[in-house]
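Starting from the known structure of chain E, fit chain V onto it as the hints suggest.
Line by line, the protein sequences are chains E and V. Just so we're aligned, residue 1 is where the first sequence starts under this note's numbering, counting upward by one. Just so we're aligned, residue 1 is where the second sequence starts under this note's numbering, counting upward by one.
Honestly, the hints are just simulated from the structure, not real lab data.
Here are some, though not all, of the chain V residues that point toward chain E, as calculated from beta-carbon distances under 7 Å:
(1) Ala67
(2) Leu71
(3) Asn103
(4) Ser104
(5) Ser107
(6) Val108
Chain E is faced by these chain V residues, among others (derived, beta-carbon under 8 Å):
(7) Ile59
(8) Ile61
(9) Gln62
(10) Ala63
(11) Gly65
(12) Glu66
(13) Val68
(14) Phe69
(15) Asn72
(16) Tyr78
(17) Leu100
All of these numbers come straight from a predicted model, not from anything done at the bench. We put the CB at the ideal spot given by N, CA and C, even for glycine.
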Amino acid sequence: MTNHRKTIRRFAIISATSLLIGTALLALSVVNTRAQQIPIAGTMSDFSSAQYFDSPHQQQMKSRISGAEAQQITMALWLIKQVKIEKFYEDGKLQIVAEAPECVYDRINAVANSPGELHIQSGDGQLRIDGEGFLWRQTESLLTISNQVQTVITRPTAIHP
Amino acid sequence: MKLKYFAILFFSCVWISQAQTNVNTNGVDAILALVTTNRPAPPPAAGPGAGLTRPQGPIKIQAQGEAVFDLNDHWATYSDHVQVTDALMKLTCEWLKSNLPQNSTDSVTNIVAETNVVIDFTDKTGQQTHAIGDKAVYYFHVQNGVTNETVTLTKNPPNFPVVQHGQDYITGSNIVYNLVTDFFYVYGPVQAEGWPGTNTPAGLIPTTAKTNQPVQPKPL
Numbered sequence: 001m002t003n004h005r006k007t008i009r010r011f012a013i014i015s016a017t018s019l020l021i022g023t024a025l026l027a028l029s030v031v032n033t034r035a036q037q038i039p040i041a042g043t044m045s046d047f048s049s050a051q052y053f054d055s056p057h058q059q060q061m062k063s064r065i066s067g068a069e070a071q072q073i074t075m076a077l078w079l080i081k082q083v084k085i086e087k088f089y090e091d092g093k094l095q096i097v098a099e100a101p102e103c104v105y106d107r108i109n110a111v112a113n114s115p116g117e118l119h120i121q122s123g124d125g126q127l128r129i130d131g132e133g134f135l136w137r138q139t140e141s142l143l144t145i146s147n148q149v150q151t152v153i154t155r156p157t158a159i160h161p
Numbered sequence: 001m002k003l004k005y006f007a008i009l010f011f012s013c014v015w016i017s018q019a020q021t022n023v024n025t026n027g028v029d030a031i032l033a034l035v036t037t038n039r040p041a042p043p044p045a046a047g048p049g050a051g052l053t054r055p056q057g058p059i060k061i062q063a064q065g066e067a068v069f070d071l072n073d074h075w076a077t078y079s080d081h082v083q084v085t086d087a088l089m090k091l092t093c094e095w096l097k098s099n100l101p102q103n104s105t106d107s108v109t110n111i112v113a114e115t116n117v118v119i120d121f122t123d124k125t126g127q128q129t130h131a132i133g134d135k136a137v138y139y140f141h142v143q144n145g146v147t148n149e150t151v152t153l154t155k156n157p158p159n160f161p162v163v164q165h166g167q168d169y170i171t172g173s174n175i176v177y178n179l180v181t182d183f184f185y186v187y188g189p190v191q192a193e194g195w196p197g198t199n200t201p202a203g204l205i206p207t208t209a210k211t212n213q214p215v216q217p218k219p220l
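The following block holds chain E by itself, in its conformation from the complex (with noise of 0.2 Å):
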């Protein structure tokens, strides 16, 4: 009976630790989920990160992302507002400009995402693009768009007969 007794105690005092111990893990793991969504560095403005040619055109901007404003939401990741994402050719002018509302921006990799629209021209204004959702790969000049995609594109001067 006394075995019995000390079993059950024993029992307790386990499930009790156990218990604890799990409750412990858990808060901690709340804490740490909650330590990777805050801010770190909060909010800035007029936010621009530029990327430039190889040598010999070093000196030029390939292409540039930026915003009206910029919150940090993790070490790599940014939300970016008022998204303007230009891309140059290597003599300077102005190959295409994007605007959306906003992105996500992930510093690390050079890579903006959302699913909002996205609208684009070219330098020239021949061009222009429309669509839902994008993903833009600045180190490869790669522009995604998702859905329901619109180009229209200018023609120059009628050379037919």
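Relative to the frame of chain E, chain V by itself:
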């Protein structure tokens, strides 16, 4: 107007099929079907739309699905219910790749459309033609002031691309539409089916011309 050229096309095919028996046609202004040649024929000096100006509206490309723009190499690919329209052409397909003009003097020069390709052409005189294939290649090139603008339609064997104009149709392994001259070039084996009169009621037995014989282009 377009029907006239289909009729010419049809009679050309009849002439091709009867060539070995020395039966010739007369009054044929142009040979539109060139059978079993390996390269496109040069555009004729005067086509049905000669002297008319092709409208130069914008090119619109729409897609329900994903589009990828390679801004380094100046290419764009579109997928899922792709539709291309300009003033005289409407093309639908499932996948399309197009070059992107680099400056205001450039034009779209290369387009490749694949899978369930359907094209509705309108020539300079307003006549419409319907074409179906698996793959269409648009090519635009200006050299020495001469414009080459073609759409080449192909389909995986054993099927062939089809061009329809009203009740008339013609098939071949390759169909090339010259947008400058409004001529269709059909490369063999060619099969054409036509009703000589536009008002001929459907249901009459159509005349069919078939040939596998390589034939040299007939001088105009």
